[in-house]
Amino acid sequence: MKGNPFVRAVLVLTVSIAVLAIAGRAPAAPPDQPLRVIMIGAHPDDCEFMGGGTAALWAKAGAKVQFVAVTNGDAGHQSQGGGALARRRAAEARRSAEYLGVDWITLDFHDGELVPSLEARKAVIRAIRRWQADIVFSPRPYDYHPDHRYTGQIVQDAAYMVAVPNVCPDTPRLEKNPVFMYFNDGFTKPYPFTPDVVVDVDPVMELKWQSIHSMESQMYEWIPWLDGTLSEVPASPAERLAWLKKSVGGWIGGWAGTHRKLLAERYGEAQAAGVKFAEAFELCEYGRQPGRDELWAIFPK
Amino acid sequence: MRVIMIGAHPDDSEYYAGGTVAMWAEAGVQVQIVAVTNGDAGHQSEGGGALARRRAAESRKSARILGVSWRTLDIRDGGVVPSIECREAVIRAIREWKADLVISHRPNDYHPDHRYTGQLMQDAAYLVSVPNICPDTPRLDHNPVFLFFLDEFKKPLHFRPDVAVDVTRGMDKKWRSMDAMDSQMYEWIPWMDERLKEVPRGKAERLEWLKNYLAPTFTRWTDMIRGALAERYGDIRAGQVEYAEAFELCEYGRQPSREELWELFPK
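If you read the protein sequences in the order shown, they are chains A and B. First residue of the first sequence: 1, per this note's numbering; consecutive thereafter. First residue of the second sequence: 1001, per this note's numbering; consecutive thereafter.
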């Protein structure tokens, strides 16, 4: 029996339930427990793009991070689709998550069909509770893709409700409303993305590139096909990675410039000036509202 | 004048606007408070139909104190969505009350039921006067004035106090109307807030505790809208107001001038 992972899992579960019963409450992360982070994106590859570097830094520092793809991504290809594509993307996303040191799940909704239903809200509430998240990420409800906007809306609608025991009574409530954050976007209506924290992700940028590079169906097939650049994609993995860095580097490399002022506030002028890749996040009003110092202390630096 | 207040849960209208309601009722205005949900999730150890019935009984008691009518649309707590079914229930309620004034949450408040209730009210505006919508219930021959309760959220827009009401005269009834909701004021809300242990047993002590517990919030609201109070009451009185409530005009209903709007509210 020694080393049997199944037995270990059962033992851990039993102990947690015992603790829960004694304390009469779900085990919240005490100060000496690792921070628990859940990033909720609409598709397999959204969290990786918008928060992959921050996730990798957190994972290195011992935080427990889970990526959730609300949809299974089964519409994201020019010639493949359905369950076969969903399985391919799940395999890619799991490989990608290994580079970053994070856990990965999908809620398995159909790509392009997400609506802010009670069914979707409950799936998100359960995911946040199961991960016992201290901090939750999602797109703003103003991003370009309807699945992104509704993911933002659904996650907003899960805020507060994650703490209500009569909602999804099958899954123990969180004692505390977590902190909710939005991923960065470039939209300006009804109001522009307003960063509350920015993270220099240069130290882990190679891991972020590897994680994105793992998603071949997207990086080397679907996205370039939509962009009309499919014929440029090289054949060998090394050349592909170099091409990827060139083709999306401009987009994700622009964020450090956009948020240079906040980078300087957090890292000092000298370090901020040299940052090539950054990720920025905005605090959502519906979760716990930490002050700026506390918020900055939660994030990796 | 006929006013309908559409809160997401039994206790929302009382909490956000109980003082204004009490003053309206004393002035002979016909007010109905509507709870869109029956509140059947709002407790740490009770729930479902039994809790909904308990909260309805509490709300009726509370409404008697305020001198108003009360009903629920009986949607499940945590289950408000901007569906056609929910919208039609709201349209019928507004028509049945023949409302001149309709008040609900902004679609930016903290609870999804509040946000969607606000959206439903917005969606009912204009359609209450369209005869082919809910043809079983006679249309209103005028679009009422629609307003929002105060909240403290800033994104995408701050709450704007278009009318502020000094509710000093209505405050005693407001406190007692909330005191009638034991399941919320002395059980669920302090439990969620991890302050259940503080709640006293005696009737009088409880009310005193409730006042101390909620005073900081109500004071914060009052300070938030002191500028709007000054415009309506003058600087001197505005500076002395202990508790006030405020409302924002929704763009989708009838658009009265500021003078007319201020005339509609108690002063």
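Check the hints yourself; a few may be wrong.
Coverage of chain B stretches by chain A, computed from C-beta distances (three or more under 8 Å per stretch; other residues unrestricted) [unchecked claim]: (1) 1071-1081; (2) 1110-1124; (3) 1162-1172; (4) 1229-1237.
One-sided and incomplete, this derived list gives chain B residues near chain A with beta-carbon spacing under 8 Å [unchecked claim]: (5) Gln1044; (6) Gly1047; (7) Ser1183.
No lab work stands behind these hints, which were simulated from the structure alone. Please read these numbers as outputs of a predicted model, since none were measured by experiment. Glycine is no exception: its CB is placed at the ideal position from the N, C-alpha and C atoms.
Hint check:
Counting residues of the segment 1071-1081 of chain B whose CB lies closer than 8 Å to any CB of chain A gives 4, so the stated coverage by that chain holds, three being the minimum. For the segment 1110-1124 of chain B, the stated coverage by chain A holds: 4 residues have a C-beta nearer than 8 Å to a C-beta of that chain, and at least 3 were required. With 0 residues carrying a beta carbon less than 8 Å from a beta carbon of chain A, the segment 1162-1172 of chain B misses the three-residue requirement, and the given coverage is violated. Given as covered by chain A, the segment 1229-1237 of chain B fails the check, having 0 residues with a CB less than 8 Å from a CB of that chain where 3 are the minimum.
Hint status for Gln1044 (chain B) relative to chain A: holds, with the closest Cβ pair at about 6 Å, below 8 Å. With a least beta-carbon distance of about 4 Å to chain A, the hint placing Gly1047 (chain B) at the interface is held under the 8 Å criterion. For Ser1183 (chain B), the interface hint is violated, since its Cβ never comes within 8 Å of a Cβ in chain A; the closest pair sits about 12 Å apart.
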